[in-house]
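Novice: Residues per chain are reported as follows:
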Amino acid sequence: MISHYPNKEAALLPILHLAQKEQGFISASTEKQVAKILEISPAKVHEVVTFYTMYNRKPVGKYHIQVCANLSCSLLGAGSLIEYLGGKLGIQPGETTEDDRFTLTLVQCLGACEQAPCFMINFDYYGDLDETKIDEILDKLE
Amino acid sequence: MSEKQLSKLFGLENSHQIDVYIEQDGYRAVKKALSELTPETILDLVKAANLRGRGGAGFPAGIKWGFVPKGVDKPKYLCVNADEGEPGTIKDRYLMTNVPHLLLEGIIITCYCVGIHVAYIYIRGEYEMVAQRLEQAIAEAHAQGYLGNNILESGFDLEVYVHRGAGAYICGEETALLESLEGKRGNPRLKPPFPASIGLFQCPTVINNVETLANVPSIILKGAGWFCQQGLPKDGGTRLFGVSGMVQKPGVYELPTGSNLRDLIFQHAGGMKEGKRLKAVIPGGMSSPVLKADEIDIPLDGDSLMEAKSMLGSGAVIVIDEETSMLDVLKIITDFYSHESCGQCTPCRVGNPWIRKIVHRLCQGIGGPDDIDNVRRLADNIMGKTLCPLGDAAAMPILSLTEKFREELITSLNERRQES
Ligand SMILES: Cc1cc2nc3c(=O)[nH]c(=O)nc-3n(C[C@H](O)[C@H](O)[C@H](O)COP(=O)(O)O)c2cc1C
Ligand code: FES
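Residue numbers (the numbering used here), protein chains in the order written: chain A, 1 to 142; chain B, 1 to 420.
One or more hints might be untrue.
Within a straight-line C-alpha distance of at most 25 Å, the following computed DSS-like cross-link-like pairs (lysine-lysine) qualify [to be verified]: (1) 32(A) x 31(B); (2) 8(A) x 184(B); (3) 36(A) x 404(B); (4) 21(A) x 184(B); (5) 133(A) x 249(B); (6) 4(B) x 249(B); (7) 74(B) x 8(A); (8) 273(B) x 70(B); (9) 44(A) x 184(B); (10) 133(A) x 276(B); (11) 273(B) x 133(A); (12) 184(B) x 58(A); (13) 249(B) x 234(B); (14) 184(B) x 222(B); (15) 88(A) x 32(A); (16) 21(A) x 58(A); (17) 191(B) x 222(B); (18) 331(B) x 276(B).
Sample of chain A residues facing chain B (criterion: CB under 8 Å; computed from the structure) [claimed, not checked]: (19) 11; (20) 12; (21) 54; (22) 86; (23) 87.
Stretches of chain A that chain B covers, calculated by requiring three or more beta carbons in the stretch to come under 8 Å of a beta carbon on chain B [unchecked claim]: (24) 24–30; (25) 103–111.
Quick caveat, the hints were computed from the structure, so don't treat them as lab data. Glycine is no exception: its CB is placed at the ideal position from the N, C-alpha and C atoms.
With these hints in hand, go ahead and build the complete structure from the sequences.
Specialist: Printed below as a string of structure tokens:
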């Protein structure tokens with residue numbers, strides 16, 4: 001991965017993605033480790049981790065549901081679906097269920113506006129959502 | 001008559017696989033370019049075609065490539081902008097998912113033309129599945145000799161890498177993209193120097209949108225004259241328009257530049273959803289100023305939309321119906337920009353959250369008509385006063401919406417005041 005770039009620092013985002021894939025989030029000790037591998041300061045790594053919204057700074061549930069709350073999705077009812085999901089899971093956006101299965105996060109446009117309203121569960125997209133469809137999708141998860 | 005060039009293979013089974021793509025005449029443009037054409041000829045062709053950027057700003061690609069200095073001994077880079085962060089924009093995902101090899105062809109020809117041996121595709125982090133598809137396409141192209149060393153025995157070498165972003169709208173701005181690729185926060189750079197002379201890793205760099213590059217192969221195969229005939233003489237070719245919101249058939253439609261916006265919505269996208277009436281259209285992604293229902297008889301090209309004081313932007317058309325409150329639309333717009341300001345310039349960092357606060361209060365029925373003036377004054381103080389165009393991108397839709405829908409905003413405010 002580092003060999004794709006003329007300097008090591010450029011591999012920072014890819015390495016953080018990899019770390020998050022393995023551990024689910026980026027902890028302070030991961031930041032230090034990554035800094036060591038890339039020979040940059042831990043402060044620089046921290047600066048980057050906090051800038052980008054996709055890096056989780058605390059553990060998330062097994063299924064991270066990221067619901068689009070942007071315009072096209074809202075026009076087609078994202079607002080009430082977010083309430084429905086929150087009610088169903090018993091959590092507010094930003095929270096994780098007690099059994100650590102679900103985290104609910106509101107995000108900006110996911111680039112899937114033609115399937116509005118939509119969400120991602122981990123890296124899988126689901127579109128044209130309504131309450132029935134949400135029930136079906138969640139039921140299928142183990 | 002125009003032909004579909006970009007989307008003709010959309011929907012064909014396995015169009016993303018190299019064998020299927022080659023069966024459909026794929027990689028002919030690369031073969032022609034590398035065996036019959038010199039880099040100078042290609043540059044002249046793309047300039048003559050007047051291929052304008054599809055990422056938002058509409059800058060002619062050939063002219064941009066021509067800015068890259070010749071004879072420097074530093075490496076040069078191509079950065080493909082696949083960040084697709086402008087709300088409403090979906091087209092690059094369609095291209096990369098359906099025809100990743102069309103993009104690779106565009107990349108190979110562009111790099112050959114400019115003398116580039118390393119290209120990065122900067123793709124938004126959420127598009128993990130699309131990124132995997134691109135990596136697979138790159139591996140296939142390598143295996144068949146279209147990438148790597150001595151491509152098709154031409155002596156030309158090229159490597160292409162996929163680089164994932166991590167959730168930041170600002171990284172679609174070209175200099176923020178460079179910073180992000182270097183492993184930093186996405187804070188835009190001051191221009192000049194322009195990336196063509198000092199870009200990625202301090203080296204000369206070309207940055208182009210996915211769709212811009214995907215147009216290059218057909219210019220090579222069919223010529224500049226043909227390309228100009230597809231759309232308007234000065235703004236040629238077709239464009240992928242992404243239509244979303246309250247329409248029957250949301251999706252991506254390839255039409256010649258200069259096609260009519262009303263036709264796009266009412267014919268191609270099937271018109272309004274049942275029982276809904278049109279109120280407003282955002283024609284080029286969230287940053288573009290809103291058009292009222294009676295303003296949509298307009299050709300979809302950069303100059304015409306500019307005349308209408310809006311923007312063609314990324315060709316993302318968002319259709320808003322009568323029942324939707326423009327106050328809620330305004331709230332979503334201000335939420336977005338205050339979330340996405342990178343924080344570098346004070347007017348944008350402070351102004352956007354301030355506007356957001358006022359708008360949220362209005363949504364709760366708190367405040368008066370003079371708050372709309374306050375919002376406008378704040379937006380005006382962001383406009384043109386930031387290092388990168390994100391400031392303008394935020395201010396423009398806010399200013400247009402508060403001007404064109406002022407009465408409605410006041411009515412909504414009064415209603416909500418009574419409710420609360
Ligand atoms: C805030 C902001 C966000 C942008 N986001 C994107 C984007 O997601 N994709 C894109 O291609 N261009 C985006 N742009 C435009 C780029 O800065 C740049 O103009 C474009 O990549 C150049 O390619 P083109 O000439 O082929 O269009 C954005 C610009 C700004 C100011
Ligand atoms: S607005 Fe929801 S995906 Fe674009």
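Novice: Which of the listed hints are broken here?
Specialist: 1, 3, 8, 13, 14, 15, 17, 22, 23 and 24
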